[in-house]
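Peer 1: This is what each chain is made of:
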Amino acid sequence: MSLAGTLGRSAAGRREPAWRAPALWGGIAAFPLVVGLMSLGIGRYPVPIDQVLLALAAGSGFAVDVPGTVERVVLLIRLPRILEGLVIGGGLALAGAALQGVFRNPLVGPQIIGVSSGAAFGGALALLLGLGLAGLMAGAFVFGITALVIVFALSRVDGRSPVLMLVLAGVVTGAFFAALVSLVTFLADPNDTLPAIVYWLMGSFATASWPKVGLVAGVTAVAATVLMAMRFRINILSLGDEDAQALGIAVEPTRWAILVAATALVAGSVAVAGIIGWVGLVVPHIARMLVGPDHRRLLPAAALLGAGYMVLVDNVARTATASEIPLGVLTAIIGAPMFAWLLRRTQAGGWT
Amino acid sequence: MITVEGLSYHLPRDRCAVFRDLSFRVPDGAVFAILGPNGRGKTTLLKTVLGLLRPSAGRVRIDGATGYVPQGTHLPFPYSVLDIVVMGRARGIAAFRSPGKADYAAARRALDRLGFLGFADRPVTELSGGERQMVLIARAIASEAPILVLDEPTSALDFRNQDRVLGAIARIAREDRLTVLFTTHYPQHALHVADTALAMHGPADARAGPVADILSEAELTDLYGLPIRVARLDHAGRPVRTVAPVFGAAEPAGLPLVAP
Numbered sequence: 001m002s003l004a005g006t007l008g009r010s011a012a013g014r015r016e017p018a019w020r021a022p023a024l025w026g027g028i029a030a031f032p033l034v035v036g037l038m039s040l041g042i043g044r045y046p047v048p049i050d051q052v053l054l055a056l057a058a059g060s061g062f063a064v065d066v067p068g069t070v071e072r073v074v075l076l077i078r079l080p081r082i083l084e085g086l087v088i089g090g091g092l093a094l095a096g097a098a099l100q101g102v103f104r105n106p107l108v109g110p111q112i113i114g115v116s117s118g119a120a121f122g123g124a125l126a127l128l129l130g131l132g133l134a135g136l137m138a139g140a141f142v143f144g145i146t147a148l149v150i151v152f153a154l155s156r157v158d159g160r161s162p163v164l165m166l167v168l169a170g171v172v173t174g175a176f177f178a179a180l181v182s183l184v185t186f187l188a189d190p191n192d193t194l195p196a197i198v199y200w201l202m203g204s205f206a207t208a209s210w211p212k213v214g215l216v217a218g219v220t221a222v223a224a225t226v227l228m229a230m231r232f233r234i235n236i237l238s239l240g241d242e243d244a245q246a247l248g249i250a251v252e253p254t255r256w257a258i259l260v261a262a263t264a265l266v267a268g269s270v271a272v273a274g275i276i277g278w279v280g281l282v283v284p285h286i287a288r289m290l291v292g293p294d295h296r297r298l299l300p301a302a303a304l305l306g307a308g309y310m311v312l313v314d315n316v317a318r319t320a321t322a323s324e325i326p327l328g329v330l331t332a333i334i335g336a337p338m339f340a341w342l343l344r345r346t347q348a349g350g351w352t
Numbered sequence: 001m002i003t004v005e006g007l008s009y010h011l012p013r014d015r016c017a018v019f020r021d022l023s024f025r026v027p028d029g030a031v032f033a034i035l036g037p038n039g040r041g042k043t044t045l046l047k048t049v050l051g052l053l054r055p056s057a058g059r060v061r062i063d064g065a066t067g068y069v070p071q072g073t074h075l076p077f078p079y080s081v082l083d084i085v086v087m088g089r090a091r092g093i094a095a096f097r098s099p100g101k102a103d104y105a106a107a108r109r110a111l112d113r114l115g116f117l118g119f120a121d122r123p124v125t126e127l128s129g130g131e132r133q134m135v136l137i138a139r140a141i142a143s144e145a146p147i148l149v150l151d152e153p154t155s156a157l158d159f160r161n162q163d164r165v166l167g168a169i170a171r172i173a174r175e176d177r178l179t180v181l182f183t184t185h186y187p188q189h190a191l192h193v194a195d196t197a198l199a200m201h202g203p204a205d206a207r208a209g210p211v212a213d214i215l216s217e218a219e220l221t222d223l224y225g226l227p228i229r230v231a232r233l234d235h236a237g238r239p240v241r242t243v244a245p246v247f248g249a250a251e252p253a254g255l256p257l258v259a260p
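Protein sequence lines correspond, in order, to chains A and B.
Going by the working numbering, the first sequence opens with residue 1, and the numbers climb by one from there.
Going by the working numbering, the second sequence opens with residue 1, and the numbers climb by one from there.
Bear in mind the hints are in silico, worked out from the structure with no lab data behind them.
Just so you know, not all the hints are guaranteed correct.
To be verified - Label pairs and their computed distance ranges (CB to CB):
hint: 1; chain 1: B; residue 1: 72; chain 2: A; residue 2: 256; range: 23 to 31 Å
hint: 2; chain 1: A; residue 1: 153; chain 2: B; residue 2: 218; range: 48 to 56 Å
hint: 3; chain 1: B; residue 1: 241; chain 2: A; residue 2: 341; range: 56 to 64 Å
hint: 4; chain 1: A; residue 1: 149; chain 2: B; residue 2: 72; range: 33 to 41 Å
hint: 5; chain 1: B; residue 1: 57; chain 2: A; residue 2: 229; range: 39 to 47 Å
hint: 6; chain 1: B; residue 1: 38; chain 2: A; residue 2: 242; range: 52 to 60 Å
hint: 7; chain 1: A; residue 1: 256; chain 2: B; residue 2: 38; range: 43 to 51 Å
hint: 8; chain 1: B; residue 1: 23; chain 2: A; residue 2: 176; range: 48 to 56 Å
Positions of the beta carbon are idealized from the N, C-alpha and C atoms, including for glycine.
When you get a sec, could you build the whole thing from the sequences and use the hints?
Peer 2: Shown next, in the form of structure tokens:
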């Protein structure tokens, strides 16, 4: 078993005390759980933790006595929002970690393959045309995948997609769809659809609902299962195309399977919550500092940390001021300096 | 056994061939060296044989899997030595699986045979060039492939490390009865470990045969466009052959300097 087999060795590769790895993984696994539970009590209407647990018990069908308001606030308002945050944060961090491995570059994020911009355009277009929630999700998803297909077509050289061509094709595709997004906002009715589009683009969990949670959780479950199953393959791809091929791997199909799974994660999150940047870039770095570069450990760690991180940031977004701060704005405000600090810290000793 | 028949390779969108109509055979258990000046296509030939590049004509037949030691790998992530070596097992691990106990055992065995087991937990990014070369050789050994292909395994190494790498290759090849194919810029390395050699004199002029014939003074002088002497020395009663280029004595109209 890979995880247990490699747990004994630390990030730096030196032998560590036997308690360190279980404690570290216990902490990483507990992080999203604890943050999620605490967050159920945080907000305009504070709920003590015992009441939160009682409300959860009531929601699970146990006959417990909870005030109706508490039950409604916890189960109908906060729980879907927090679950959505956990799922999307985990998915974005997982996608980021996988993409950084496949592109052999720790500076890569889900934006780099143009998928975010494609999904943004699809969603904005649906809002412009007034297609409703289903249209918004379908639009984001379809154009996220469209962006990936365009990247695929542009990056082909002699039947292959070298990493450099992939990145360049991603930049070109991203810029193209960003321009289309501008066009859509320019065409939008400034009294009605324009604010909707702008707020949606800035990212938010404020509109979280059980159907949305169900949708994004379904997509994330499938895509995350694929990425987790292929995490040793990501290790091999991170050696470079030629090495991977010489080691007996079918490089192209493997890489595209991972790219499609990552795209599904990003497009699914954009569809329900708009554009949330930086999570897929910053969280894998933190995870790498904690558990090392091996993607067999990095992917689960990034997913768990991303889930907790996202809900933490969303807590700030919904409680810091009287009106909500857009989530995408917050993740950038927190993420950019954090990333700068990580860069300074990690540059010296390679990407640890 | 590796059989190469009428192999040609053109760079994409280039009419001029890197090499043309190349044929040779590497019998099972042979140690086969490929020599030639920079830019003559040694690495290209190796990659074509491995199937990493598609030839423009001709064909390559290989009986069995290959373990490949590339010419220095850029590693963006500080994987541990053991993690790198276990990747040599990738061929036998299904797409949705991770290496198991047997794979780690094979990786440790490969490191142990090179005397590198103590490095298992070290990050590869902190190793010296010679150490990294040994790790890549261990990775190829861990694959348990019957054919070992190495691209300039001794370039950028000092004398002591050249000796260690060559010694390791020769020993493993003998013990496991491997077929070895390697490129080199050092004729004495070919004389030391190879029994057969291919000298790439020109795009359509490659000569294969027993290493002593292919790497004679006259042949080497023609190959590199510079007078080259093969000297026999005596070391502690043992004859030693060494190759000495006569620097500064090249024909003025010698080979143009070509980038590798």
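Peer 1: Hints first: check each against the structure and report whether it holds.
Peer 2: Quick rundown of the hints versus the structure:
Between residue 72 (chain B) and residue 256 (chain A) the beta carbons are some 28 Å apart, a value that agrees with the proposed interval 23 to 31 Å. Checking the proposed 48 to 56 Å range against residue 153 (chain A) and residue 218 (chain B) shows it holds: the Cβ atoms sit about 54 Å from each other. In this structure the supplied range 56 to 64 Å holds for residue 241 (chain B) paired with residue 341 (chain A), their Cβ-Cβ distance being about 59 Å. Distance hint for residue 149 (chain A) and residue 72 (chain B): a CB-CB separation of about 35 Å, consistent with the stated range 33 to 41 Å.
Separated by about 40 Å at the C-beta atoms, residue 57 (chain B) and residue 229 (chain A) satisfy the suggested range of 39 to 47 Å. One distance hint, 52 to 60 Å for the beta-carbon pair residue 38 (chain B) and residue 242 (chain A), is violated here, with the actual separation near 20 Å. A hinted range of 43 to 51 Å is violated for the C-beta pair residue 256 (chain A) and residue 38 (chain B), which are about 36 Å apart. Taken as a hint, the range 48 to 56 Å holds for the pair residue 23 (chain B) and residue 176 (chain A), whose Cβ atoms sit roughly 49 Å apart.
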